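Colleague: Take a look at the letters that make up each chain.
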Amino acid sequence: MKKTSKYSPGHWSEPVYGLLREHQIRQVAMVPDAGHAQLISLCEADKTMSVVRLTSEEQGVSLLAGAWLGGEKGILLMQSSGVGNCINMLSLSTSCQLPLLILVTMRGDHAEFNPSQVPMGNATEAVLAAMGVIVRRADTPEDVVAEVSGALSMAYHTSRPMAVLIGQKVTGAKDFHKLSQGDFE
Amino acid sequence: MKKALHRREVVNNLLGDRGDLLVVAGLGAPAWDITAAGDHPLSFPLWGAMGGAGMIGLGLAMAQPQRNVLVITGDGEMLMGLGSLAVIAAHKPPNLFIVVLDNEHYGETGMQKTVTAMGVDLAGMAKSAGFTQSLLVKSKAEVGSLKDEIHKKGRARTGPLFAQVKVDSEKLAVVLPPREGAYLKNRFRIALLGHAVALA
Numbered sequence: 001m002k003k004t005s006k007y008s009p010g011h012w013s014e015p016v017y018g019l020l021r022e023h024q025i026r027q028v029a030m031v032p033d034a035g036h037a038q039l040i041s042l043c044e045a046d047k048t049m050s051v052v053r054l055t056s057e058e059q060g061v062s063l064l065a066g067a068w069l070g071g072e073k074g075i076l077l078m079q080s081s082g083v084g085n086c087i088n089m090l091s092l093s094t095s096c097q098l099p100l101l102i103l104v105t106m107r108g109d110h111a112e113f114n115p116s117q118v119p120m121g122n123a124t125e126a127v128l129a130a131m132g133v134i135v136r137r138a139d140t141p142e143d144v145v146a147e148v149s150g151a152l153s154m155a156y157h158t159s160r161p162m163a164v165l166i167g168q169k170v171t172g173a174k175d176f177h178k179l180s181q182g183d184f185e
Numbered sequence: 001m002k003k004a005l006h007r008r009e010v011v012n013n014l015l016g017d018r019g020d021l022l023v024v025a026g027l028g029a030p031a032w033d034i035t036a037a038g039d040h041p042l043s044f045p046l047w048g049a050m051g052g053a054g055m056i057g058l059g060l061a062m063a064q065p066q067r068n069v070l071v072i073t074g075d076g077e078m079l080m081g082l083g084s085l086a087v088i089a090a091h092k093p094p095n096l097f098i099v100v101l102d103n104e105h106y107g108e109t110g111m112q113k114t115v116t117a118m119g120v121d122l123a124g125m126a127k128s129a130g131f132t133q134s135l136l137v138k139s140k141a142e143v144g145s146l147k148d149e150i151h152k153k154g155r156a157r158t159g160p161l162f163a164q165v166k167v168d169s170e171k172l173a174v175v176l177p178p179r180e181g182a183y184l185k186n187r188f189r190i191a192l193l194g195h196a197v198a199l200a
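Keeping their order, the protein sequence lines are chains X and D.
Just so you know, we're using this note's numbering here: the first sequence kicks off at 1 and counts up by one.
Just so you know, we're using this note's numbering here: the second sequence kicks off at 1 and counts up by one.
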């Protein structure tokens, strides 16, 4: 079995990491998703950033509220299934007009294999919008970079929660048939 | 049996001569308690976000490592955010102090029992998670020691500290803090970071 490479040059995570540096993001809160693995590796290697390992996604909403009270910016990384865990906590962001950017890698999206991922994946955008989060969607690597760039500026300049949804066309659907044959590449 | 501690006396004690302490209060009675002790721009009382008080404290403590951060919350609020005990313990902020006023009841909804009334050991959970210190506080003398810990400076600080303070479940008059979230945020940030942040 080959060791999975955590980072490949030219991946969207490289320019997105550059944007996080440019915007002085200090706290990177996450429940990991495979789609974020490369970005997480870049942030973990950066001494100016603290990667905070959450046990449930809504903790990131409150963590970054505290960070902003203390003058630090952050970003929250999660899979679309984690959006459901955040619903009530997002009232903190809207009622206190707190800046927040959530980078959501989609499951239950293009070419999904796992039936259990579909209900929350299909509801992700509606749920975020219902809670007052402004949602942008990216279905190409170029769009990911452009949308993260715009959302970082807008969330922090206008003090509101935003989310960028990274579609499964970008991250690729998980191939469970390959996994069942022991192919982890 | 010894009389249980009175929650407002505990909070008045902890917040007396508070110095440059940053304070977050969980929704409900803890928010009324810190307001009864005197509303303050460096207090952030919550009106919702149940289960989030400890994590707000962590984000703030990481952003302000020189300042001490005190989270005062209730047993119901803490029980909703038990996972945050693991996150806080794992990241070990030395300047974060979490005080749970444990009256073993949901005070805002009709005084129904919480699971701490059925034996759940919050201080034990925090200790197992890996908090540097985890205390069960039942006497005024222990509240005094807790206050000393919260006000230690620099390298003398031994957070993250968790304290489960057993208090009586008497229903007290509500003392309302400001309730507009953006106001609470802005006054806190301006008091902590200076007026320039309002222009940034």
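Read the hints as simulated data drawn from the structure, not as lab findings.
Bear in mind that the values here come from a model prediction, so they are computed numbers and not experimental data.
Treat each hint with caution, since some may be false.
Computed cross-link-like contacts, DSS-like style, restricted to lysine-lysine with a CA-CA straight-line distance of at most 30 Å [to be verified]:
1. K47/X with K152/D
2. K47/X with K113/D
3. K73/X with K153/D
4. K153/D with K47/X
5. K92/D with K73/X
6. K152/D with K73/X
7. K113/D with K153/D
8. K166/D with K73/X
9. K185/D with K47/X
Derived CB-CB ranges, DEER-like [claimed, not checked]:
10. Q97/X with G130/D: 31 to 41 Å
11. H157/X with D20/D: 26 to 36 Å
12. K169/X with A4/D: 27 to 37 Å
Covered by chain X, according to a simulated footprint, are these stretches of chain D (three or more residues, beta-carbon under 8 Å) [as the list claims (entries may be wrong)]:
13. 9-20
14. 32-42
15. 189-199
The beta-carbon is built from N, C-alpha and C at its ideal position, and this holds for glycine as well.
Colleague: Run the distance test for K47/X versus K152/D: straight-line Cα separation, threshold 30 Å.
Modeller: Since the Cα atoms of K47/X and K152/D sit roughly 27 Å apart, the hinted pair holds (cutoff 30 Å).
Colleague: Take the C-alpha atoms of K113/D and K153/D, compute the straight-line distance between them, and say whether it is at most 30 Å.
Modeller: Violated - the C-alpha atoms of K153/D and K113/D are around 37 Å apart, more than 30 Å.
Colleague: Does the segment 9-20 of chain D contain three or more residues whose Cβ lies closer than 8 Å to a Cβ of chain X?
Modeller: violated (count 0)
Colleague: Are 3 or more residues of the segment 189-199 of chain D near chain X, judged by a Cβ distance of less than 8 Å?
Modeller: holds (count 4)
Colleague: Is K153/D within 30 Å of K47/X, Cα to Cα?
Modeller: holds (25 Å)
Colleague: Under the criterion that the straight-line Cα-Cα distance not exceed 30 Å, is the pair K73/X, K153/D satisfied?
Modeller: Cα-Cα ~25 Å, so holds.
Colleague: Taking 27 to 37 Å as the hint, is the beta-carbon distance of K169/X and A4/D inside that range?
Modeller: violated (59 Å)
Colleague: Go ahead and decide if the range 26 to 36 Å is satisfied by the Cβ distance of H157/X to D20/D.
Modeller: Since H157/X and D20/D have Cβ atoms about 29 Å apart, the given range 26 to 36 Å holds.
Colleague: Could you grab the alpha-carbon distance between K185/D and K47/X and see if it respects the 30 Å cut-off?
Modeller: With Cα atoms ~28 Å apart, K185/D and K47/X stay inside 30 Å; holds.
Colleague: When you check the alpha-carbon spacing of K152/D and K73/X, does it fall within 30 Å?
Modeller: It holds: about 27 Å lies between the C-alpha atoms, which stays within 30 Å.
Colleague: Lying within 31 to 41 Å: is that true of the beta-carbon distance Q97/X to G130/D?
Modeller: Taking Cβ atoms as reference, Q97/X and G130/D lie about 34 Å apart, which means the hint holds.
Colleague: For the pair supplied as a hint, K166/D and K73/X, is the alpha-carbon distance within the 30 Å limit?
Modeller: violated (36 Å)
Violated hints for the displayed structure, listed by number in ascending order: 2, 7, 8, 12, 13, 14.
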